[in-house]
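**Student:** Sequence:
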Amino acid sequence: MRQKIENRLQSLIAEFKAGQEMMAELDAKQTHLRSSLLRISGAMQVLEELLNQGASVNQPSDTAEPQDTRLADAA
1 MRQKIENRLQ
11 SLIAEFKAGQ
21 EMMAELDAKQ
31 THLRSSLLRI
41 SGAMQVLEEL
51 LNQGASVNQP
61 SDTAEPQDTR
71 LADAA
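FYI, this note's numbering numbers position 48 of the sequence shown as 48, with every residue one higher than the one before it.
Source of the hints: derived by calculation from the structure; they are not laboratory data.
Cβ coordinates follow ideal geometry from the N, Cα and C atoms, glycine included.
Fair warning: there could be bad hints in the mix.
With beta-carbon atoms standing in for the labels, derived distance ranges [claimed, not checked]:
(1) E48 / M23: 31 to 41 Å
(2) I13 / S35: 27 to 37 Å
(3) N52 / H32: 45 to 55 Å
(4) S35 / I5: 43 to 53 Å
Can you build the whole structure from these sequences, using the hints too?
**Tutor:** Next up, the structure:
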């Protein structure tokens, strides 16, 4: 009878330890996800503000060459 109790105790200790490790992993994932959602929320807010201001976002053409305006400004 004593051996059964000790075996059960060891089993519960192992299960408890595994649960603690899983909880730590989930906490880390939650922290990472919360950070990601905060960044996404910030990006959404910036884009919404741009849309509300009527700002146009220039999309570069695939065929257009980049222009170096540094020389024009120096003259």
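**Student:** Decide, hint by hint, whether the structure agrees.
**Tutor:** Against the structure, the hints:
no.: 1; hint: E48 / M23: 31 to 41 Å; result: holds (36 Å)
no.: 2; hint: I13 / S35: 27 to 37 Å; result: holds (34 Å)
no.: 3; hint: N52 / H32: 45 to 55 Å; result: violated (31 Å)
no.: 4; hint: S35 / I5: 43 to 53 Å; result: holds (45 Å)
Hint compliance for this structure: hint 3 alone is broken.
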